[in-house]
Amino acid sequence: MTNKTLIQISDELSAGQYSSREITQDIIADIRARDAQFNSFITVSEELALEQADAADARRAAGHAELLTGVPFAHKDLFCTQGLRTTCASKMLEDFIPPYESTVGQRLLATGAVCVGKTNMDEFAMGSSNENSYFGAVKNPWDLNAVPGGSSGGSAAAVAAGLVPAATGTDTGGSIRQPASFCNLTGIKPTYGRVSRFGIVAYASSLDQAGPMCTTAADAAVMLNAMAGFDAQDSTSVQQDAADFTAELNQPLAGLKVGLPKEFFGSGLDPQVADCIMAAVKQIEALGAQIVDISLPNLELSIPAYYVIAPSEASSNLSRFDGVRYGYRCDQPEDLMDLYCRTRAEGFGKEVKRRIMVGTYALSEGYYDAYYVKAQRVRRLIKDDFARALAQVDVIMGPVAPTPAFDLGSNTKDPVAMYLEDIYTLSANMAGIPAMSTPAGFVNGRPVGLHIMGNYFAEAKLLNIAHQYQQVTDWHLQTPTSNTAKGA
Amino acid sequence: MALENADIENIAVLARLQVPATETSDYANSISSILALVDQMQQVDTEGVEPLSNPHDATQRLRPDEVTCDNQRDAFMAIAPATEEGLYLVPKVID
Amino acid sequence: MAWEIVIGLEIHVQLATKSKLFSGAKVAFGAEPNTQTTLVDLGMPGALPVFNEQALRMAVTFGTAIDADIGKHSVFARKNYFYPDSPKGYQTSQMDHPIVGIGHLDIQLEDGSTKRIGVTRAHLEEDAGKSLHDDFDGMTGIDLNRSSTPLLEIVSEPDMRSAKEAVAYMRKMHAIVTTIGISDGNMAEGSMRCDANVSVRPKGQEKLGTRAELKNINSFRFIERAINVEVERQIDILEDGGTIAQETRLYDADKNETRPMRSKEEANDYRYFPCPDLLPINIDEAYIDAIRNALPELPDQRSARFVSQLSLSEYDAGVLSASRALADYFEAVVAVCNDAKLGANWVTGELAKFLNQNNMEINAAPVSAEQLGQLISRIKDDTINTKGAKTVFEALWDQTGTVDGIIADKGLKQVSDMGAIEAMVDDVIAASPKQVQQYLDAEVEKRGKMLGFFMGQVMKASKGAANPGQVNGLLKNKLDALC
Ligand SMILES: [Mg+2]
Ligand SMILES: [Zn+2]
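Protein chains in written order, with the working numbering: chain S, 1494 to 1981; chain G, 217 to 311; chain U, 16 to 498.
FYI, nobody ran anything at the bench for these hints, they're computed from the structure. Any given hint could turn out to be false.
[Unchecked claim] Below, a list of computed lysine-lysine pairs in the DSSO-like style, where the Cα atoms sit at most 30 Å apart:
| id | chain 1 | residue 1 | chain 2 | residue 2 |
| --- | --- | --- | --- | --- |
| 1 | U | 270 | U | 230 |
| 2 | U | 464 | U | 356 |
| 3 | S | 1584 | U | 449 |
| 4 | U | 405 | U | 270 |
| 5 | U | 395 | U | 425 |
| 6 | U | 87 | S | 1876 |
| 7 | U | 425 | U | 461 |
| 8 | U | 179 | U | 87 |
| 9 | U | 405 | U | 428 |
| 10 | G | 308 | S | 1584 |
| 11 | S | 1876 | U | 402 |
| 12 | U | 405 | U | 395 |
| 13 | U | 475 | U | 405 |
| 14 | U | 405 | U | 449 |
| 15 | U | 428 | U | 493 |
| 16 | U | 145 | U | 33 |
| 17 | S | 1584 | U | 230 |
| 18 | U | 475 | U | 491 |
| 19 | G | 308 | U | 94 |
| 20 | U | 270 | G | 308 |
| 21 | U | 230 | G | 308 |
| 22 | S | 1750 | S | 1775 |
| 23 | G | 308 | U | 145 |
| 24 | U | 94 | S | 1843 |
| 25 | U | 402 | U | 493 |
Same shape as in the complex, but just chain S:
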């Protein structure tokens, strides 16, 4: 079953080549057989998955199947799944079984999709390499010495390894796009507010946004159709009519104006990555697009502003983990203070504690204006940069990350070095615009993703550009095994 696209599986289910139960069983067996080397799953959900698969088969037999009915997928372990352990890759939630399903999960289940398990991630989505997991680091299927990226590293590795055709991810500062880039996937972070955050454990509420990670743009569009939509339970959900993200696939790119911000091609960018990106841009130009040089002058400020806003919100969002109503609780607390301090010290990993402390500091008396308020002002400057640029061009392109996937352990000593990896992705979260990664080549056998950003609610346009590019390239069809075979 490896390396089939989601649409392919959907077609084969429709054609009766196999049942949902059969493919679900195969996939679970495959995960059990092969995932030890990637560590991409935290929990495999056999019993519930087979129930869902049987229901999907019955639904298909009754003639009510939709595109995703019976198609297996995996959830990043940050989506609350009713009756299925949701850990956020943290000791804090090691045994947490949510009493409810996230809105995204409900929507996927409503189409009949089958959740086979929960994927590994950086603890509470804090990280860019998936090395901050209580359940161990995830390895990049393209090179087991390399990180898969983060924080949605388990989802990326699972899809890249061909274990599942699609997985959900969340992107607070690049956590869908960077692992997609590192693992040769198509991943999209939608417009802020497009996908409900209800039931997704919050990292930074004003930045978090969920999206799909798949092999192709067409698959991503199908997944996003199921995931997106207004949700009255999320105050920041945007009240928009249901969109069909597959609707613009197959639009020609003639006349498309593509902006290349000079700040995306500065000295920090690996020259070989730059070559891949420029080659991809050339190809898109060949499809009829017009390339324009632009500037996002405040781009560099997105790192400092992000590392104030995200930890600040996180410090407050993670206060609820106190050992009282759910989750980990320290042994034999002496008193209330001891309950809090030890539960949280023992339950959270180091990077989570570090960000909680940074955020606590940034919000504290005397520093709030200089840090939090200042960062929010900078955030508007960044949003304004995009508004100016996107008045000039239809989309913006560049690299997703300054380098291909780096080696495991190479950045873990220095948090600041790790933070700098996010330089190209943070700004889209700050502005709330949609952005995606599509496979655009390899450097030393490690994948490189092309970053495509657009205006609010322009997901269909972005997906079409990626789709058009995927029609004339086969980067996205490479698999770790085919690639290794070719010796690239």
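Place chains G and U with the ligands on chain S using the hints.
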């Protein structure tokens, strides 16, 4: 902004995190380097720039005043570390 | 030294919504613990708040009622602190941009004058849960039913100068919130509670003294007692050359003393910031105007109408409009008996006396407004006299029957038969020659007073049932005829 060990101790209390003495200076160092990174934004003039807290500058939606949930105490309490007689238990609270 | 007392109040009013501020959980007092909670109120991972429209409407209604600035752009902020009754680790409140800005309230002082008290602001926030200190193996139990219940916190300027003024302000606030229907005002159930910031300073000094914050006072009586005992404590310390610590204190009603709260010992840094799960509330002039135009008659307006329309005294009008329930009761009495003066006398007299003796609120009065109205009507149509009416009232209070039923059962029907009364009058005059002689000897202007003796004798002979007006007239005529 370089943090001293004492700053870390204060922050740890506010954040309710027990930080062993052996880890204090490590946190002080790494958080100081993060703050040094963050301090780059102090050089930018943001005079008159309205802080942005939501990307859409959107307005809060209102929910009709209706009771929409039933009692689910048993399901909620099943996942709690310590309960008794329908209450969550914590070490003695002193007012 | 002469001291000046300075008091500011923070009043928490529980809004009378059906559901919670940010969730669809039911708001009701006294339910089984933790049965009125949702994912949101429990702070479950991934749960998100959505704001209750009715809470906004109620807050704006309050703002228009005290003639305050309404925040057209108000913002929810998180107040971060760890406590077991705060499930998310923060309270969603408002800080920089409250829904209600500067307003004011007039209170009536005991000398009859009016004093204006400034309202600094009023903001929306969610309530916390409750800690239950029954012993569970040395543990405390947490009930989160109250978590996320909507509150309006009303903050006054430090404009009050005595405990009595603070009580008058609290009473007026109570009258307003119950009149506009945003709260049931039930203090025993915690629907209205207040924190008092109390300080003293030498008379004439401009600078405020260091204040103590008295937390969670939940009855009018305790406000006065708590403030007075705290003022005494502060003055004692200052007169002994000590200094006042700025701290949070708790009033212990049993011991009638205040003591520092132990749980708040460490200085807190609440790290307020705008809640990223909620968006700014933007409202326009039209929204505010519509609410202002729909305001019911406010206590001050009602009081003025009682004076102008019902010819009550300023004093009676003030007393009767001090609570919506009392004013409604009074108007219902008048609707039946059609006599505002008598109605006011009975409501502020006999009824108030019974309520007081039984420590009861007007809503709990066992005598309905309808019954009291009928009772007054029976006085007016001369069926009973005032003395008999009091007996009937007592029986009504004990819920032993209807007005007419009680009058009949107790034989209180007034004797208005002229012949019968005349016979009794004649008997009394014949049996009291000495008193008759004194009456005749007295100066004319003193005779009125002397009638009392004869009145008493006749009433006694009639077992209280004679119509006092008729007896008085007859006595006067007959005695004067002897001159
Ligand atoms: Mg307060
Ligand atoms: Zn409050």
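Notebook entry, point to check: Which numbered hints are broken by the structure, listed smallest first?
Noted result: 3, 4, 7, 8, 11, 14, 17
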